[in-house]
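Asks: Chain residues, written in single-letter form:
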Amino acid sequence: MAEFWVNMGPQHPMTHGLWNLRIKVDGETIIDAEPIIGYLHRGVEKISEVREFQKVIVLTDRLCYVSSITWSHAYCLAVEELMGIEIPERGKYLRVISLEIQRIASHLMWLAAFGADIGLLTMLLYALRERELFLDLIEIMAGLRLNSNYTRVGGVRNDVPADFEKSCQRVIAHFLKKLDEYQDLMENSKTFLMRTQGIGKLSKEDAINWGVTGPNLRGSGADVDLRRTIPYEVYDQIDWEPAIEKDCDCYARSIVRMREMRESCRIVLDALKKMPPGPYRMKPPRRAEGEAFRVTEDSRGEALFYVAADGDDRPYRVKIRSPIFCTLAAVPQMMRGHKVADVVSIMGSIDICVGEIDK
Amino acid sequence: MSGSLLTPNLVGLCRSLTEILLGIVKAIFDALSLPGVGSWFVSPGVVVFFTYLIATLVMVMWAALVNLLSVMWVERKLYSRIQDRRGIMLGVPWPWSKKYKRGMTNLGWGFLQNIADGVKLLQKENITPASADKLLFHAAPAIIVSSTIMVFAVLPFSENFYYTKVALGVLFVLAALSLGPFAIILAGYSSNNKYTLIGGLRAAAMMLSYEIPLILCVVAVVLLSGTLDPFQMVAVQERPLMGTIVPSWNVFSPPQMLGFVIFFIALVAELERIPFDIPEADAELVEGWTTEYGGMRFGFLFGFKWLRAFAGAGLLVILYLGGWNGPVFATVSVLGYPIPILPQEFWFLLKTYLVVMVIIWISWSIPRVRADQVLKIGWNRLIPLALLTILGAAVFKTMGWF
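Protein sequence lines, in the order shown, are assigned to chains A and B. Under the numbering used here, the first sequence has 153 at position 153, and the numbering climbs by one with no breaks. Under the numbering used here, the second sequence has 643 at position 284, and the numbering climbs by one with no breaks.
Only chain A is shown next, with the shape it has when bound in the complex (with noise of 0.2 Å):
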């Protein structure tokens, strides 16, 4: 059979938004991938310069929409370290409590969306569901569920209502629960194995050429968490483990998110009850001048934020390093010698968000 390019995209079931992968097949093998990408461009780094610092959390948080509040979160970072201020204590508190119970949305999301990838659509309405437990959490922090505008330069928005811990501890231990379901419903299926395992192979090597971070890079076998690596907040006071797989395929990948949200959990409740009372947020100076720039561990890999200024109110340059569109680079690799039902296994298992790639 002749060699064909078949466009997955803009509009097709696979993309999770609006981008383009080409893959070149003869019959049904794959020969060639190219991500094109592009389609969701808002211009967030040029906008960032003409707000100032506290207005920029609106943008970052429309950054990515299933993950909204660790990005609006290393955006402060980066801004408070060129502010040279120090939040209080329990506002870094409220920041990792938020950041976890974010991460575990937006892992669910990924659940959610792998599933249907791979043809089991039950699993996008149990995920979905569990998700909505998380997000009525974040609606009680800050107000919003989805782009939640929580993190501020100087702390967070507003402290938790007094029996917010108790929300927690009972809807985590609900989820734990449907926890367990869902990894009997993929690991003891033997239908989701054939679909996951040795497929998309990226070895530890050729993550770290490719810049892949985060739980794609945990799948291939490499150490590394910026929470642990480069301890920012206080998830150095806090007792949790990372999740790192050797297997570096789908499943490895998709076993370390499942992994991370157990561990997302432990941190919830570890800084519930660690959280100190005092105030959440401090003023922090209108103007700056010099630059800084932070990496945090976003529920896809290491997001950076680049801020410089010059002393106006306002960032003079914002650089944004989105992880999804580093991965997206070594998808072409992963996905060389496999299947066409294949694409949907690797696109699915390294979760993609446009709205972070194209900015």
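Accuracy of the hints is not assured; some may be wrong.
Restricting the straight-line Cα-Cα distance to at most 20 Å, the calculated cross-link-like pairs of lysine to aspartate or glutamate (EDC-like) are [what the hints assert, rightly or not]:
| no. | chain 1 | residue 1 | chain 2 | residue 2 |
| --- | --- | --- | --- | --- |
| 1 | A | K339 | B | D443 |
| 2 | A | K190 | B | D731 |
| 3 | A | K24 | B | D443 |
| 4 | B | K735 | A | E28 |
| 5 | B | K553 | A | E28 |
| 6 | B | K553 | A | D26 |
| 7 | B | K553 | A | E89 |
| 8 | A | K178 | B | D641 |
| 9 | A | K201 | B | D641 |
| 10 | B | K553 | A | D270 |
| 11 | B | K553 | A | D32 |
| 12 | A | K177 | B | D443 |
| 13 | A | K273 | A | E89 |
| 14 | A | K273 | B | D731 |
| 15 | A | K201 | B | E646 |
What the hints contain is simulated information worked out from the structure, not anything from laboratory work.
With chain A's structure known, arrange chain B on it following the hints.
Replies: Here is chain B on its own, set in the frame of chain A:
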């Protein structure tokens, strides 16, 4: 064993109905003093023609309206419940209920939803792609629909509820069911689209690898029961098993137990349900071979899959699960006719719908298998096991063990 609702049979009932109707017609023409026309209407040829016309209509209505809608409803309700939601709820309440004043409601059982969907599809434009092979593109839905309806020409629902008695009935059903993939290949080729082409080729590959174990399993059943006639096949399964009250359904015989599993898996692949729905894999091929169809053509392609599922489940019940055999003997006498309380049709439909529900249950709880893995399962696992089933059936037949 319980009896059938219909006496003497479907065609016989339709003949009585036709004779009554044509008698009325004859009386009308006699009253108009046209006795020649009247007696033409009751001549044997015309009666037979109208009898079969009415019987065909009844059978098609029964299959395509009653059972197709029911299977669709069962599927949509069942998978919604599996997914922890309510599913379709559109319905018209009973006229005497208070809700009736509001007309249509979304708090019903949802049986009307499929009809509403059908009406919506009828209203949509039938788009034919400019570069499509128009003849084949239009022929594919017709082949799917007609081949599926053809199954019901011989598929019996009970001893008396059948359209025709064919000595090679099971073979006919298999032949009619296996026409479907040909239409899929036609649809995939003629749409002139890369997704549909890949889908059509996948269907072709799957047909080759799953028709064979399907038919090999039937061969094993035929070896044991010694016939391809569905009626005799069911009659063989009627006698009790080795002096117990358990009926000797084929599925209880050791070689056929394996055959049952293989037949079931091959049937799921033949029906393109989710573990094996690679020709229309919606996540990778955008509904595969149905991508370019719209309106009611898509409705036919999509809806008749459920009727094929029903027909396939019916075949499975006849081959392995004792057909319409049921345990109830009780009858009530109405005007001297013994009417069974739980007739054979009830048992047949019960088993068939249970099989359909198991297929639905499986297809919404496991992911899709990859195309090459599907073929590997077919050639490396199912075909050798099906041959083993035949060997086992032959041994059991020679030794007279079952």
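Asks: Taking the hints in turn, state whether each one holds.
Replies: A quick look at each hint next to the structure:
no. : hint            : in the structure
1   : A/K339 x B/D443 : violated (33 Å)
2   : A/K190 x B/D731 : holds (15 Å)
3   : A/K24 x B/D443  : violated (39 Å)
4   : B/K735 x A/E28  : holds (15 Å)
5   : B/K553 x A/E28  : holds (12 Å)
6   : B/K553 x A/D26  : holds (12 Å)
7   : B/K553 x A/E89  : violated (58 Å)
8   : A/K178 x B/D641 : violated (27 Å)
9   : A/K201 x B/D641 : violated (24 Å)
10  : B/K553 x A/D270 : violated (53 Å)
11  : B/K553 x A/D32  : holds (16 Å)
12  : A/K177 x B/D443 : holds (16 Å)
13  : A/K273 x A/E89  : holds (14 Å)
14  : A/K273 x B/D731 : violated (51 Å)
15  : A/K201 x B/E646 : violated (28 Å)
In terms of the numbered hints stated before, the structure departs from hints 1, 3, 7, 8, 9, 10, 14, 15, listed from lowest to highest.
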